[in-house]
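Student: The primary structure of each chain is shown beneath.
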Amino acid sequence: MAGAVDIELQGQRRRIAWLATLFAMGGLVLCVRLAQWMLFPQPLLPDGGVSDATNRIPANRGNILDASGHYLVASTVSYRISASPRLLTNKERETLAPVLAGLLGRPEEEVAAILAREDTEYAILADDVPYWTAMEVQALRKSALRLETRFGRVYPDGTLASSVLGFRMTRKDNEAQYGQEQYWDAELSGRDGAWRGISDLWGQQILVNEGGYEPATDGADLVLTLDRNIQRRAEEILAAIVEEFQSVDGAIIVLDPRTGGILAMADYPGYSPERYWVVAGTETYVNGAISTPYEPGSVFKPLTLAAALEARVIRPTDTYDDRGEIIVGGHRIYNSDLRPHGITTMTELLAYSRNVGAAHVASLLGPTRFYETVRKFGFSEITGVDLWGEAAGVMRVPGNEYWHMSDLGANAYGQGLSATPLQVAAAFGALANDGVLMRPYIVSEVRTAEDTEVRRPFPVRRVISAEVADTLSTMLADAVELGMQKAAVPGYRLAGKSGTAGIGEEGYVSGDAIVSFVGYGPLPHPRFVILAKFDKPEQGRWGVEVAAPAFREMAKFLIDYYGIPPAATGTLAQAVGATHAN
Amino acid sequence: MTDGRTPTPFFHLSQVVGRTGGTRVDLRRWAYAGLVLALLGLAGWLYLEQATEVASYGYEVRRLQDEKERLRRELTSLRAQVAVAGSLERLEALGAELGYVLPEATDPARRLVVSYRLPEEEAAGDAANAGGAANAGSADVGGEVPSLEGRVRGLVGRLGEWFGVEPSGAHAP
Numbered sequence: 000m001a002g003a004v005d006i007e008l009q010g011q012r013r014r015i016a017w018l019a020t021l022f023a024m025g026g027l028v029l030c031v032r033l034a035q036w037m038l039f040p041q042p043l044l045p046d047g048g049v050s051d052a053t054n055r056i057p058a059n060r061g062n063i064l065d066a067s068g069h070y071l072v073a074s075t076v077s078y079r080i081s082a083s084p085r086l087l088t089n090k091e092r093e094t095l096a097p098v099l100a101g102l103l104g105r106p107e108e109e110v111a112a113i114l115a116r117e118d119t120e121y122a123i124l125a126d127d128v129p130y131w132t133a134m135e136v137q138a139l140r141k142s143a144l145r146l147e148t149r150f151g152r153v154y155p156d157g158t159l160a161s162s163v164l165g166f167r168m169t170r171k172d173n174e175a176q177y178g179q180e181q182y183w184d185a186e187l188s189g190r191d192g193a194w195r196g197i198s199d200l201w202g203q204q205i206l207v208n209e210g211g212y213e214p215a216t217d218g219a220d221l222v223l224t225l226d227r228n229i230q231r232r233a234e235e236i237l238a239a240i241v242e243e244f245q246s247v248d249g250a251i252i253v254l255d256p257r258t259g260g261i262l263a264m265a266d267y268p269g270y271s272p273e274r275y276w277v278v279a280g281t282e283t284y285v286n287g288a289i290s291t292p293y294e295p296g297s298v299f300k301p302l303t304l305a306a307a308l309e310a311r312v313i314r315p316t317d318t319y320d321d322r323g324e325i326i327v328g329g330h331r332i333y334n335s336d337l338r339p340h341g342i343t344t345m346t347e348l349l350a351y352s353r354n355v356g357a358a359h360v361a362s363l364l365g366p367t368r369f370y371e372t373v374r375k376f377g378f379s380e381i382t383g384v385d386l387w388g389e390a391a392g393v394m395r396v397p398g399n400e401y402w403h404m405s406d407l408g409a410n411a412y413g414q415g416l417s418a419t420p421l422q423v424a425a426a427f428g429a430l431a432n433d434g435v436l437m438r439p440y441i442v443s444e445v446r447t448a449e450d451t452e453v454r455r456p457f458p459v460r461r462v463i464s465a466e467v468a469d470t471l472s473t474m475l476a477d478a479v480e481l482g483m484q485k486a487a488v489p490g491y492r493l494a495g496k497s498g499t500a501g502i503g504e505e506g507y508v509s510g511d512a513i514v515s516f517v518g519y520g521p522l523p524h525p526r527f528v529i530l531a532k533f534d535k536p537e538q539g540r541w542g543v544e545v546a547a548p549a550f551r552e553m554a555k556f557l558i559d560y561y562g563i564p565p566a567a568t569g570t571l572a573q574a575v576g577a578t579h580a581n
Numbered sequence: 000m001t002d003g004r005t006p007t008p009f010f011h012l013s014q015v016v017g018r019t020g021g022t023r024v025d026l027r028r029w030a031y032a033g034l035v036l037a038l039l040g041l042a043g044w045l046y047l048e049q050a051t052e053v054a055s056y057g058y059e060v061r062r063l064q065d066e067k068e069r070l071r072r073e074l075t076s077l078r079a080q081v082a083v084a085g086s087l088e089r090l091e092a093l094g095a096e097l098g099y100v101l102p103e104a105t106d107p108a109r110r111l112v113v114s115y116r117l118p119e120e121e122a123a124g125d126a127a128n129a130g131g132a133a134n135a136g137s138a139d140v141g142g143e144v145p146s147l148e149g150r151v152r153g154l155v156g157r158l159g160e161w162f163g164v165e166p167s168g169a170h171a172p
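As you go down the protein sequences, you meet chains A and B in turn. Position 235 (the first sequence) corresponds to 234 in numbering that gives the first Met the number 0; numbering is contiguous. Position 33 (the second sequence) corresponds to 32 in numbering that gives the first Met the number 0; numbering is contiguous.
So here's chain A without its partners, still in its complex pose (with noise of 0.2 Å):
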């Protein structure tokens, strides 16, 4: 009996030594899985129900303001709201849809008919959901809804300076096109951030891994030295002016000649940034102001006098006799009129802009210095100005293969020469800039999240002398009162030229011509510059017509919107006075 008990007590202690021996096993895998995971570097749990998971976080597009700090572009940020109508329960359908629709402000019919859908995993409730209308769909707490975040663009002023701000195109891969959002594109579009962890059974994400946040870098806002008041008003009158003498195109400039700052930059037609597609053609979305070269004409004769001037070949008060006719380089130059005016002053030549007498200067100053002096004004290169697509225009000079001492006569008269308009508001920026010659330029401030970049003006040369630049101004303004009265402000003097050129297109078309007005004031200190430019216009048919209007209207506004008193010098009373006299 005794023996057997023996038997018996062995047979246990055998078994719970088994059993210790089994759980000290156990023990000892799961202690070297642990040191394992503790000690060394694991991939992230990769089986069972986590996974890996990494998100992007898309960076903000920057915002474009004007120079007072006006939203002309914003980012926005809507949602597309979607539905899985088979995760639905009837009862679940019946109750959503008058929720949702009022939410939506969509008919509940229709809801219910999408929440309906049997045949579909993705059925499309509504687009450009407002962030707060999406919050409270999100806040329904339906895994059956989903929302998809759309970032965009917003244009408060709608159709506002189009041509200068470009555009994104929404329908292709946001791609930036034009103007400012492609200049200024990498500036604009910021990094976007990511997201890497893992996410768990139920989809839940966790972040495990250090370095695994990378924040999103917004984009910089940029400034303009554009103010929208003035854009605007460019605008209204430019699309006043075309309508009133049927032009096919224009563009209107207004420069600050102390900085180079564009304060307008109007291009007729415009565009919806956000409808870019509704437009006639392609050529629409092209900034004409820098993109589009033209023969600018007589504005360039009082660059032909600068240049004279500075050289000391002539003297403002020099005379010429105006016979009607000039050869230069063998060819025979004309006045616009086909008739000699005799004894004529500078000034007058300026003022009824007399292309023998403009051909006479640049005979008198040669073709040396007058290309040298033209080219310091900017002609032939572009201006360098931040703004998408600038055109350099074309110039010939001596030493060219197809330069010929005729050119020189045509040049002087701003004809056998192309310059885009905003070429010729800077030249005519450094004549009111005291002969600096300014870069233009249109982002006065880029700001980014840590700091402000502040873009000083750049002056790019002394073109003229000071003195040659206050004479040539007196000059202008006295043309401007003696034979351009129709860009006249009564109380200021504003220095301008007017210029009528024909079309260059395999020959000069017939009775098409390009009319310009450009000008600045008001002396002695000038504030602005303005081009006016208007192509083919069919109800008239020289610059001083149809475009020195244009040029007086933004003279006049700008001089209300400064609060410019009307003279320099005198008592303000005797200013008025002389402001009702006229």
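Accuracy of the hints is not assured; some may be wrong.
One-sided and incomplete, this derived list gives chain B residues near chain A with beta-carbon spacing under 10 Å [stated by the list, open to error]:
id: 1; residue: R27
id: 2; residue: L39
id: 3; residue: V60
id: 4; residue: V81
Keep in mind that the hints were calculated from the coordinates and are not lab data. Since this is a predicted model, take the numbers as computed values, not measurements. Where is the CB? At the ideal position from N, CA and C, for every residue including glycine.
Given chain A, work out where chain B should sit, using these hints.
Tutor: Chain B in isolation, oriented as in the chain A frame:
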């Protein structure tokens, strides 16, 4: 002890045969084994505790990031609303509602006529007056009382300024 047929497990039950013939467990050996297991268990528990805490922080961080992104989007939407609210069209509509009208540019009626001299003119005028006073000093006692003719001229000048009539000799700028 075990017999020769049965393999000995790693942890076997040591036994000491006592005087009564019963068995006695080797407590020291079992205590070591228990200690090792306890330490390993503690380490495992600490690890699991840490992992759980990291995971819960991970959830929290993720929640906060979501919140941050939500706020960013709200900020973007608010900016867009500010942009639209400040549009020229809306401001003009509001202005029209309030009865404001855009004035005619350079309308003389908008300018307040004041007898104001620019500082440089003031200085030049003072210098001229000082010179005149010095010259008049010998003739007029005190030199500050203007003659009747001067008074009349001054009055006429002021009236002219008042009515906006250009004084004689002045030229339009």
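Student: Does each hint fit the structure? Answer for all of them.
Tutor: Do the hints match the structure? See the list:
1. For B/R27, the suggested interface contact is broken, since its CB lies about 16 Å from the closest CB of chain A, more than 10 Å.
2. Interface restraint check: B/L39 against chain A, minimum CB-CB distance 4 Å, threshold 10 Å, status holds.
3. For the restraint placing B/V60 at the interface with chain A, the shortest Cβ-Cβ distance is roughly 5 Å, inside the 10 Å limit, so the hint holds.
4. With a cut of 10 Å, the hint placing B/V81 at the interface with chain A holds, because the nearest CB-to-CB distance is about 7 Å.
The structure fails hint 1 only (numbered hints given earlier).
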